[in-house]
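*Asks:* One line per chain: the protein sequences are C and S, in this order. Be aware that the first sequence starts at 6, since it is given in the working numbering, and climbs by one per residue. Be aware that the second sequence starts at 5, since it is given in the working numbering, and climbs by one per residue.
Some hints here could point you the wrong way.
To be verified - Okay, the calculated beta carbon distance ranges per label pair: (1) Q75(C) x G195(S): 50 to 56 Å; (2) V125(S) x G239(C): 56 to 62 Å; (3) R166(C) x V138(S): 25 to 31 Å; (4) S266(S) x Q178(C): 19 to 25 Å; (5) S149(S) x S83(C): 48 to 54 Å; (6) R179(C) x A231(S): 44 to 50 Å; (7) S68(S) x E234(C): 40 to 46 Å; (8) E234(C) x R70(S): 38 to 44 Å; (9) F167(C) x V125(S): 47 to 53 Å; (10) R188(C) x E79(S): 55 to 61 Å; (11) S149(S) x L262(C): 54 to 60 Å; (12) R166(C) x G142(S): 20 to 26 Å; (13) A15(C) x E198(S): 39 to 45 Å; (14) V200(C) x V125(S): 44 to 50 Å.
What the hints assert, rightly or not - Some chain C residues near chain S, calculated using beta-carbon distances under 10 Å: (15) E213; (16) A228; (17) K229; (18) L250; (19) A254; (20) G258.
What the hints assert, rightly or not - DSSO-like mimics (lysine-lysine), calculated; alpha carbons at most 27 Å apart, straight line: (21) K170(C) x K152(C); (22) K229(C) x K165(S); (23) K165(S) x K152(C); (24) K170(C) x K229(C).
Simulated from the structure, these hints should not be mistaken for lab results. Just so it is clear, CB atoms sit at the ideal spot from N, CA and C, and this is done for glycine as well.
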Amino acid sequence: MSDPFTLYTARESALHRLHPLTTLSLVAFLFVLSLVLPGVWAPYLLYGAVLLPLALAGGIPGRFLRLSLQAVLPFAISLFLIQGFFWGEGTPILDVGPLSLKSEGLAFAARSTGRILAIVGSFLLLSFTTRPDALMIALSQRGVNDKIAYIMLTTIQIVPRFQAKANAILDAQRSRGLETEGRLGQRLRALLPLVQPLVLGSILDMEERAIALEVRAFGRRGAKTSLAELADTGRQRLARRLLVLAAAAAAAGRLALVFF
Amino acid sequence: MIEIDDFSFRYPRAEVEALAGIDFTVPAGQLCAVAGANGAGKSTLCYALTGFIPHFYHGDFSGSVRVDGRDVLAEEIAALAGTVGLVFSKPFNQITGARFTVREEIAFGLENLGLPRPEMVERIDEALAVTGLVDLAGRSPYALSGGQQQRLAIASVLAMKPQVLVLDEPTSQLDPVGTREIFALLRRLVGDGETAVVVCTHELEWAAVYADRLLILDRGRLAADGAPVDLLAAAGLVDHGLRPTRYTEAARLAVEQGLAPSGRPLPVTLEQAREFFR
Chain C
6 MSDPFTLYTA RESALHRLHP LTTLSLVAFL FVLSLVLPGV WAPYLLYGAV LLPLALAGGI
66 PGRFLRLSLQ AVLPFAISLF LIQGFFWGEG TPILDVGPLS LKSEGLAFAA RSTGRILAIV
126 GSFLLLSFTT RPDALMIALS QRGVNDKIAY IMLTTIQIVP RFQAKANAIL DAQRSRGLET
186 EGRLGQRLRA LLPLVQPLVL GSILDMEERA IALEVRAFGR RGAKTSLAEL ADTGRQRLAR
246 RLLVLAAAAA AAGRLALVFF
Chain S
5 MIEIDDFSFR YPRAEVEALA GIDFTVPAGQ LCAVAGANGA GKSTLCYALT GFIPHFYHGD
65 FSGSVRVDGR DVLAEEIAAL AGTVGLVFSK PFNQITGARF TVREEIAFGL ENLGLPRPEM
125 VERIDEALAV TGLVDLAGRS PYALSGGQQQ RLAIASVLAM KPQVLVLDEP TSQLDPVGTR
185 EIFALLRRLV GDGETAVVVC THELEWAAVY ADRLLILDRG RLAADGAPVD LLAAAGLVDH
245 GLRPTRYTEA ARLAVEQGLA PSGRPLPVTL EQAREFFR
């Protein structure tokens, strides 16, 4: 069972068996850690020593590693180039023409890249191991508004959905002779006949999706039930509380370091 | 079951009414087909029967629409969900995206109705069996073919046990086998004598075979109402922007060419054509 519009990858792992809110709490804790850990290398350590082993335990190390790097690489390149060469006052370590590479800029870029890597890794871990519909049900059961939970779910799906629709339109336009390969100008010109049907088509799709939801009583007020039984245990409930507390403590500790 | 009385509707900024003076009733146990050229008002009628007009699509309206005794124009759409169901033409857009498997997708509406789990399971199994999706229950809705997705859309609405099922061109993206399956399924549905089905369609051959009754819409007005075989064989069909079935056309050509005797009623269905050309 797989859904082409989510990253969820079915595996028989302990991480997959966790209650969605437990995984969400864990990821929230790791997210806070990646922001508050001091130093340049701590977020890399978090990624390598915590997130990667967790991905390994979840049976998804290859995809996890590949997607993390794919997502972070464009940020890393621009960060190192911009911060390295355009850091205000700093220690030059290499001159390239009129520009000079500053060590402070590189350190900042390395720290920011590490944080982005750890944050991306945390969310990928959640996406790979937690069914989005189960997360939506769990949030609804905890009193989160259904519509907000649904928006969260569809937000996860929006990029692959757009991609699938864009590919279908692109194929249709190509079959009518539109040139989509070649020089940059040609590629840009090919974008126009793609964007209009993509945007208009998506708006129409949204309208029909809204009707489909209403037909299925989504807007009905009153108590709702769930077919899925989300397994939860006392240990997990305790772990969730501890993770939330730990995240709050880490954030408070960092703030204390800044202000005192 | 369905009572629509002198109903008219005009979309905002439209110059003419999309529906004008529509008046008919559909009793429980009847499969009623609605035909008409594009723009005749079929989809508007579907939205009016299910409450999406005037609650989702706003505009000027008059008259009344009642389904199972409930005033569709006054009640909220969500409150009508267990009474009247709607299936439309694009199967893909009817998948909510909120659930992972076919079984869970069917459950989505039942969860919103707040049904207890055992009743949900019973209804899901029933809907899967009726629509022939039992073997696909564990699959992702996105992994199904267009025809299977349309059957899933129907199953999802059927599980909510509406007294009235409205379908807007449900077979427009299906192959001939899938089209026939859907019409056969609708025929079985009304067989319980408790459900009324209204299906808007261009598939006149299948409407002639399976429907009890045919309504023809022409530029927003109810142009004809009667038995499908009578209306589809009538000479005035083309005046309403509809094309006779291939059997009627073949028979008419045969009569014109002197290959078949004139004066007999023209066939509409395959069965009738077999008799005609015997």
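*Asks:* Look at each hint and say if it fits the structure.
*Replies:* Tested hints:
{"no.": "1", "hint": "Q75(C) x G195(S): 50 to 56 Å", "in the structure": "holds (55 Å)"}
{"no.": "2", "hint": "V125(S) x G239(C): 56 to 62 Å", "in the structure": "violated (28 Å)"}
{"no.": "3", "hint": "R166(C) x V138(S): 25 to 31 Å", "in the structure": "holds (28 Å)"}
{"no.": "4", "hint": "S266(S) x Q178(C): 19 to 25 Å", "in the structure": "violated (51 Å)"}
{"no.": "5", "hint": "S149(S) x S83(C): 48 to 54 Å", "in the structure": "violated (43 Å)"}
{"no.": "6", "hint": "R179(C) x A231(S): 44 to 50 Å", "in the structure": "holds (48 Å)"}
{"no.": "7", "hint": "S68(S) x E234(C): 40 to 46 Å", "in the structure": "holds (44 Å)"}
{"no.": "8", "hint": "E234(C) x R70(S): 38 to 44 Å", "in the structure": "holds (40 Å)"}
{"no.": "9", "hint": "F167(C) x V125(S): 47 to 53 Å", "in the structure": "violated (35 Å)"}
{"no.": "10", "hint": "R188(C) x E79(S): 55 to 61 Å", "in the structure": "holds (59 Å)"}
{"no.": "11", "hint": "S149(S) x L262(C): 54 to 60 Å", "in the structure": "holds (59 Å)"}
{"no.": "12", "hint": "R166(C) x G142(S): 20 to 26 Å", "in the structure": "holds (23 Å)"}
{"no.": "13", "hint": "A15(C) x E198(S): 39 to 45 Å", "in the structure": "holds (40 Å)"}
{"no.": "14", "hint": "V200(C) x V125(S): 44 to 50 Å", "in the structure": "holds (45 Å)"}
{"no.": "15", "hint": "E213", "in the structure": "holds (4 Å)"}
{"no.": "16", "hint": "A228", "in the structure": "holds (5 Å)"}
{"no.": "17", "hint": "K229", "in the structure": "holds (5 Å)"}
{"no.": "18", "hint": "L250", "in the structure": "violated (32 Å)"}
{"no.": "19", "hint": "A254", "in the structure": "violated (35 Å)"}
{"no.": "20", "hint": "G258", "in the structure": "violated (39 Å)"}
{"no.": "21", "hint": "K170(C) x K152(C)", "in the structure": "holds (24 Å)"}
{"no.": "22", "hint": "K229(C) x K165(S)", "in the structure": "holds (17 Å)"}
{"no.": "23", "hint": "K165(S) x K152(C)", "in the structure": "holds (24 Å)"}
{"no.": "24", "hint": "K170(C) x K229(C)", "in the structure": "violated (33 Å)"}
Checked against the numbered hints listed earlier, the structure breaks hints 2, 4, 5, 9, 18, 19, 20, 24; every other hint is satisfied.
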